Amino acid sequence: MADTTVKVDPAVRDRLMVLARERGMTMRDLIAELAGATPTKEELRKRYEETKAYCETHFGVTLTDEDHDRVEKVWQDLEAGRPVDSL
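In terms of the UniProt record's numbering, the sequence shown has 6 at position 6, counting the first letter as 1, and numbering is strictly consecutive.
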């Protein structure tokens, strides 16, 4: 496979270089690792559906769209540092 060039701001390039050095790898390997570890929207959707099916099969829990929306709000509140209401 041929290499390619990705243009980024110098600050981004410098940060990637520091992150790569801290991990003892090249920037090329770091970017490949980040890309491989970051799921696409389709992969996240599939993971959600598989998790939902597993919960239904193994725990007898049926998750609704409302449940999903409530949990999403909890995660958003946690990430924003807001107090979280009980589920």
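Treat the hints as calculated values from the structure; they're not laboratory data. Where hints are given, some of them may not hold.
[Stated by the list, open to error] Estimated spans, in silico, between C-beta atoms of each pair:
hint : residue 1 : residue 2 : range
1    : K41       : T64       : 39 to 45 Å
2    : K7        : V74       : 21 to 27 Å
3    : M17       : R45       : 20 to 26 Å
4    : D69       : R15       : 33 to 39 Å
5    : A80       : G24       : 16 to 22 Å
6    : E43       : L78       : 21 to 27 Å
7    : E43       : M17       : 24 to 30 Å
8    : V18       : T38       : 16 to 22 Å
9    : V74       : L34       : 36 to 42 Å
10   : V74       : T38       : 19 to 25 Å
11   : H68       : M17       : 37 to 43 Å
12   : Y54       : Q76       : 35 to 41 Å
[Unchecked claim] Only pairs whose alpha carbons sit at most 30 Å apart, straight line, appear in this in silico DSSO-like list of lysine-lysine:
hint : residue 1 : residue 2
13   : K41       : K7
14   : K52       : K73
15   : K41       : K73
16   : K46       : K73
In this text, all values refer to a predicted model and were calculated from it rather than measured experimentally. Even for Gly, the Cβ is constructed at its ideal location relative to N, Cα and C.
Indices of hints not satisfied (ascending): 1, 2, 3, 5, 9 and 12
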